[in-house]
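Colleague: Chains A and B are the protein sequences, given in the same order.
Take any residue in the first sequence, note its place counting from 1, add 12, and you have its number in this note's numbering.
Take any residue in the second sequence, note its place counting from 1, add 12, and you have its number in this note's numbering.
Please keep in mind that the hints were generated in silico from the structure rather than gathered at the bench.
Hints may be right or wrong, so weigh each one.
Unchecked claim - Computed, partial: chain A to chain B, Cβ under 7 angstroms:
| no. | residue |
| --- | --- |
| 1 | VAL32 |
| 2 | VAL210 |
| 3 | VAL374 |
| 4 | ALA378 |
| 5 | PHE388 |
| 6 | LYS400 |
| 7 | THR414 |
| 8 | ILE418 |
| 9 | GLN424 |
| 10 | ARG426 |
Said to hold, decoys possible - Cβ-to-Cβ under 7 angstroms is the rule here; a few derived chain B residues that face chain A:
| no. | residue |
| --- | --- |
| 11 | ILE119 |
| 12 | GLN225 |
| 13 | THR228 |
| 14 | ALA254 |
| 15 | ILE255 |
| 16 | LEU366 |
| 17 | ALA373 |
| 18 | PHE388 |
| 19 | GLN399 |
| 20 | GLY405 |
| 21 | THR414 |
| 22 | TYR420 |
| 23 | GLY421 |
| 24 | ILE425 |
Just so it is clear, CB atoms sit at the ideal spot from N, CA and C, and this is done for glycine as well.
Protein chains: 2
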Amino acid sequence: MSILTEMGQKAKEAAVVLAVLPTPKKNEGLCAAAEALLAAEKEILAANQEDVAAALASGIKGAFIDRLTLTQARLEEMAEGLRQVAALDDPVGEVLSMKTMDNGLMIGQKRVPMGVIGIIFEARPNVTADAFGLCLKAGSAVILRGGKEAFRTNQAVVLVFRQAMEKLGLPADIVQVVPDTSRESANEMMRLNGYLDVLIPRGGAGLIQSVVQNSTVPVIETGVGNCHIFVDETADLEKAVAIVMNAKTQRPGVCNACESLLVHEKIAEKFLPMVGGALQSKSVEIRGDEATCALISAAVSATEEDWATEYADYIISTRVVQNLDEAISHIRKYATGHSEAILTENYTNAQRFLNEVDAAAVYVNASTRFTDGAQFGFGAEIGISTQKLHARGPMGLKELTTTKYIIYGNGQIRQ
Amino acid sequence: MSILTEMGQKAKEAAVVLAVLPTPKKNEGLCAAAEALLAAEKEILAANQEDVAAALASGIKGAFIDRLTLTQARLEEMAEGLRQVAALDDPVGEVLSMKTMDNGLMIGQKRVPMGVIGIIFEARPNVTADAFGLCLKAGSAVILRGGKEAFRTNQAVVLVFRQAMEKLGLPADIVQVVPDTSRESANEMMRLNGYLDVLIPRGGAGLIQSVVQNSTVPVIETGVGNCHIFVDETADLEKAVAIVMNAKTQRPGVCNACESLLVHEKIAEKFLPMVGGALQSKSVEIRGDEATCALISAAVSATEEDWATEYADYIISTRVVQNLDEAISHIRKYATGHSEAILTENYTNAQRFLNEVDAAAVYVNASTRFTDGAQFGFGAEIGISTQKLHARGPMGLKELTTTKYIIYGNGQIRQ
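All chains should be built: construct the whole structure from the sequences, respecting the hints.
Modeller: So this is what it looks like as structure tokens:
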């Protein structure tokens, strides 16, 4: 038995206990884990400092180091996140529907835990706490496999959670971390059929593609967002500038940021210089088609590749289109199905865009930056699904559950 | 561009039309397809006779030939199935929820078509019509890849459907059949990411495993059922015999048939001879543990392998257990998560079984044979999901759809 199948076995046993755990006990576990996290500040920050030092020594720098680094304030955020999950409604046990058939069978559909959830993620220690908290509340055991640069930190955090569970008489194996960050362990995890009910990758496009390509357990694909804003002929141009600026620059590194701007030709002459000036004031590079470059002198020529690129940076591709149809065609060709927006005062065009654009979230007159579990009122999210199976868009507690049919009979046999 | 990517491209184009097709037009398409099927009886039966003759010549026989063979009556059933799907409610367009957030954004979740659905199945021509009908009503284009023995039949049936679509001004590519039944074409279909939104295998365990192991597009695993009935100490034994007989013998070849019987030790002495006699009268082979063999002289010894086997035949494995806990442990170890039943008059045991057994359908005092789309009131089904992602249990029209978030704003930007 390999380490991973052994972990899978232990997770399955913990899941049996978790599946019938009353809500107050799960909430107690979450609050105890939050407290334990703060109490272990010294050990966790020490482990994290080792990780950061090793990463710096290997030449890593910039935003990566920032995401890897824990501070007292970040530990407090992680603890607060766990407490917030405790305050959310428990999704488990809800009977979504129940009806009595002609033969007297009462058939109901009940929300139940997944069982065992696997999460593969990069070197962001906060994901460790988020994933543990959401899975626990949703009644599932979790196996975490974080990026190698955060290895010591993840071990330290998970150890604290496990000890907190045991103190409450709960199985420590509610949460496990893979003690091996080799590519082989990731690949084995992707093929842990019979143990993992679902595998969720959280991270960049490379990680997600690797999981999609190699996994035989069911996967929920998350995150890649080449998001568009189409500024229609009738858009309120002041609002349009504010929305484009928000969607592009409020936090350019995230998946719901705007990457590509489509502008109706009838307003291009007026709108492009307006938005161009605003973008330049925030040092956003504009890669435009010919019409854009003619109207914004600072714009550079976009290549075919630009239309398909999620920059996650202070860059935006920009194109002038003839009408709504051309905008929808462009989106159909290049978008990743994440978040798409139309800015318009035309009722019919708004409804057409909502109906005809195929994405997890489709907006009229708002920034794409709202595609987020907290903004949607879910309290917390495990990621944003860009696939169509099981969950689409921000995934909260409900999306981490499944259902089963429960049937009450009194001797029925099939004719 | 390979044949399959070309088919994928055409399906995507057809899906764009289908996604916004009004319900009456879809129903018109279904009824026209039903009529066309009957009108083409001569051509379809001729193609089918060639398939059957080739199968017989290659040494195939028995139930396989029966499933492969079309008759006028079976064509009528297929046409009637299409008309029944036309009569079902259209799942597309339902807004499952919509709420107004504090910032004034109205966020709704709307049921929308999947897009393109792939179905890989064995030599059962009726699946061709079922799958086409359900996918059309659910607003998705479908790519079918049937077993090679039914190749000519499937081509003939799909040609009829395509012509019927064109006559109504709809895209013929709503339905396509892969013109190649090689293993390579199946493998390529399993990796048609970017074109297929979901792939559903329909058939035996070998086919399903091959799809699960090789597919990079999202899969819904269907069908394998090692279903148990646990006869508790307080069961009504007359009803229990009737239920076991129904679940085992009413149609032994299907996935919701009972394969394994667990009997509480306190009633084994009375119940096993009762049920043993009934099973023997229908020539069911009983493979039992020691206690069973001591009470049913005709029973043979079960091996470890028996407990894990879906016989799909007139065979049942039988074991005496000490109590509910042992029954649940046995089911947890050997079941495939399809359909499980407890027969009991004990309220607490009934509720515990419903809560603690992890399966798509869990029954109290009824036959496992009811796990079926029609029996659950869905009208028709595309298969029975035994995985936890997206759909679990019988899959009707709703399970062939996905959702998207639609957001109405008036200039909101994220703080």
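Colleague: For the hint on LEU366 of chain B, does the least C-beta distance to chain A fall short of 7 angstroms?
Modeller: Since the shortest Cβ distance to chain A is 5 angstroms, the answer is holds.
Colleague: Can the hint on VAL374 of chain A be confirmed by a CB-to-CB distance to chain B that is less than 7 angstroms?
Modeller: holds, 6 angstroms
Colleague: Can the hint on VAL32 of chain A be confirmed by a CB-to-CB distance to chain B that is less than 7 angstroms?
Modeller: With a closest approach of 6 angstroms, the VAL32 of chain A hint holds.
Colleague: How about ILE255 of chain B: closest beta carbon in chain A under 7 angstroms, or not?
Modeller: At 6 angstroms from the nearest chain A Cβ, ILE255 of chain B passes the 7 angstroms test, so the hint holds.
Colleague: Less than 7 angstroms between beta-carbons is the criterion; does THR414 of chain B satisfy it with respect to chain A?
Modeller: holds, 4 angstroms
Colleague: Is the hint on TYR420 of chain B kept, meaning its closest Cβ partner in chain A is under 7 angstroms away?
Modeller: holds, 5 angstroms
Colleague: Is the hint on ALA378 of chain A kept, meaning its closest Cβ partner in chain B is under 7 angstroms away?
Modeller: At 3 angstroms from the nearest chain B Cβ, ALA378 of chain A passes the 7 angstroms test, so the hint holds.
Colleague: Against chain A, run the beta carbon of ILE119 of chain B and see if the smallest gap drops under 7 angstroms.
Modeller: Holds - the Cβ of ILE119 of chain B comes within 7 angstroms of chain A, reaching about 6 angstroms at its closest.
Colleague: Does the CB of ILE425 of chain B sit less than 7 angstroms away from some CB of chain A?
Modeller: With a closest approach of 4 angstroms, the ILE425 of chain B hint holds.
Colleague: Close enough to count: is the Cβ of THR414 of chain A nearer than 7 angstroms to one in chain B?
Modeller: Hint on THR414 of chain A: holds, closest Cβ of chain B at ~4 angstroms, below 7 angstroms.
Colleague: Under 7 angstroms, Cβ to Cβ, is where GLN225 of chain B needs to be relative to chain A, so tell me if that hint holds or is violated.
Modeller: With a minimum Cβ separation of about 5 angstroms from chain A (threshold 7 angstroms), the hint on GLN225 of chain B holds.
Colleague: Min Cβ distance, ALA254 of chain B to chain A: is it shorter than 7 angstroms?
Modeller: Nearest chain A Cβ about 6 angstroms off; hint holds.
Comparing the model with each earlier hint shows no violations; every hint is respected.
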